[in-house]
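Each protein sequence line maps, in turn, to chains A and B.
In case it helps, numbering that gives the first Met the number 0 puts the first sequence at residues 0 to 513.
In case it helps, numbering that gives the first Met the number 0 puts the second sequence at residues 0 to 303.
Simulated from the structure, these hints should not be mistaken for laboratory data.
This one's a predicted model, so the numbers in the text were calculated from it and none came from an experiment.
Backbone N, C-alpha and C fix where the C-beta goes; we use that ideal spot for every residue, glycine too.
Some hints here could point you the wrong way.
Covered stretches of chain B (chain A as the covering partner; in silico rule of three or more C-beta atoms under 8 Å from a C-beta of chain A) [said to hold, decoys possible]:
{"no.": "1", "region": "24-33"}
{"no.": "2", "region": "36-45"}
{"no.": "3", "region": "146-159"}
{"no.": "4", "region": "262-272"}
So the chains spell out like this:
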Amino acid sequence: MTMHRLQRMGTAVATRVLLVALACALTATTARSAGAPGGALRIAQGIYPETFNAERSTVQDTLNVDSQINEPLMNFNYKTHEIMPNLATSWKLTSPTTWTIEVRQGVMFTNGEAFNAEVAAWNVNWVLDPANKAPISTDLALAQSAKATGPYTLEVTTKQAFPNLPLALTRVFVLPQKYYESVGADGFAKHPVGTGPYEFVNATNGQDVVLRANPNYWGRAPQIGTVTFYSITQTVQRVNALKTGEVEIVNHLTPDLLQLVTSQPTLTVSAIPSLRLMFVILDTTKPGPLQNNKVRLALNYAVDKQAIVRDLLRGYGKPLQGQPLSPEYFGFDQTISAFPYDPARAKQMLAEAGSPASSLHLEFYAPQGRYTSDAEVAKAIAGQLQSLGIQVDLHVFDWGTFIGQFVQKKLGPMIFIGYSTQPDADIALGVERCGQAYSYFCSTDYDALLNRADRTLDTPGRLALYKQAALIMHNTAPYIYLYQEYTIWGVSKRVQGFTTLPDERVDLSGVSVH
Amino acid sequence: MAFVLRRLMQAALTVFATLTVVFALVHVSGNPVGLYLPVTASSEQVRTMEHLLGFDRPLYVQYAAYVWSAAHGDLGASFSQSLPALPLVLDRLPNTLYVTLFALGMMIVVAIPLGIASATRSGSPLDFLGSGVAVFGQSVPVFWLGLVLVLVFGVNLKWFPTFGSGGLRHVVLPGVTLGTYSMGVITRLVRSSMLDTYHSDYLRTARAKGLPQARVILKHALPNAILPALTMIGLQVAYLLSGAIVTEQVFSYPGMGQLVLQAINARDFNVVQSFVMVVAAVTVLVNTTTDITYSRIDPRMTYG
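Whole structure, please, built from the sequences with the hints as guidance.
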């Protein structure tokens, strides 16, 4: 065989090897192929967790991941509005300013550390320490300190009567004290450890977090072997990933894309009203026509919320009932009625108030890309007011610019915004106390009612006070009450037992994949 | 050596100037405290957080503190992740480089040969193909192209994944999306440069001497025709690194571009500034390398 022929053969073989290697690289199964039935669940969210320390974030997408690893002391039941035991098993007021809490025995962190009252107290004090800048500390503002009084008993002392402490503790996630103190925040961020149903395996920054079932979990055994949370920022891309079978659950879908999901026989949509309530804030604190109560009430009659929900949100919204609460919130008053759409009445009220529609010129600010169809809804509202003869100048900003100006009180007098809080009137109505960052309203009577409710330990007494406060909010109308957003999820029919929750939390207890 | 040292000093000054401009621009957009506090925060808590993060200081004081820290190697921490900002960016750099290198590969492997073929077979179907690629590449919006590629090759044909990283398959669609514009630019540039060179007297002499066409093109025409394209390829690196922002967003590809877009939305200043520094440094390095390569190819170029 000649050298030339050998060279040609060698080249041919090398070429074939290269082609096969390239084909293998291009067709290699990725880590995203589905595991054995019931073995793996893949969830796509819009945001990658900003931290693995659940006490440093209020972003639900972050907490959805972190809460699989680190659990709270208590949980909230949306059906009954009750606080449920979790790592805490019972709690009672032993004095007006002292809560005594029993914690669960026999619970271990996945690194072998024991959970006990001392660890629980450390976690509460960590949240209360201003140096840690825990966002949830605002909900625990009335708590003073925590200490263990026995191996499984702790006491939380409050500055005054604090009937809502158990609700606040549903947002205190328990971290392992010794491990956290030894590795520090950076170390914990690289490898979080908890008592939860899943333990951390690994994470690719910006892309995914992989968890596996905790074999020693104290509670109901997880039915899924591996859970992967992916971050896919674009909503349409989340829908694509669901359609191709790369993931089984996606969150934050928008109504305009639902047909892409419902047209697939293997997929379904799960949508319920969320805790996010949408308003137009009417600034009552600065001089102008909106300081007139009748003008504000008139504006509530001037906006057609039903049309906005029907046409812009495609039915995935629920008009608010004239108060900054919805039925999911403790303290919601069913007897307070919604403001109907009545432009004639609105015009008449404006005239009676000495501010006929044609004399009003209002600046209106809205964010874009923060809420479902936010810019479109703001334009619709502006259009409806303009049809009455009110001159409205609409300014739409990206969320970062918008919220920076908003907390500096540089926007107004009309501001389109939404918020969700823990499902309790004390917290939701407290947003409008004098001096709050989100408040463009101030009433001493209103604040006094909430202060009394803070100290009232019996439930009927609290409800009666919240009803009075909600009535003030209805009658003084510092908002145009718009609608309650829906939380919309796309789910593969292979997933069983998944329930959508109003706070958009991912609860995997009882969830399986087939 | 003197040339290299001079370029390094220029590079340092360029990066410093870029950082200053970006610092001013991101801080003018307002502070991010409102993004990190819950709706239940009081105005006092807003002010406390502003103080803890240093946003209540005058801008020139914040700038001086930042420059001082940066000079000591500390580019600050991410507000949202509470981790050092520069390592966060560098952690994502390899992913962005994979996509950028794929796009660069398209320029070298596809655009240059296509430009040459288009120029040397003027008026032929190949020439129309080359011109078509040039026009298409420079006119199609990146965002639209990415979405179409995902729809066709990811969702309908299922040939490629629709998001994320994890191997060559994940790089193809974002790489094609990112590289299409640059491929169009380089194809057009090589084509016109080859057309200028192809009818030169020295090449006519070479053909008259009986040299094969391939040798005439590759050994004699290309070294002269490639010079403008070489410069443009170096400049395209900066475009590719910054263009990756849109591409990575479309594909949810976890590179630097996706990180910086999230940081911009979250007003995470230190991450944005770290990103700018990394891109500026890479760009200056690539341009310096291009200049040195240029001088190797063209003996007329010397750097004192």
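Are any of the numbered hints broken by this structure? If so, which, sorted upward? Hints that this structure does not satisfy do not exist here, as all of them hold.
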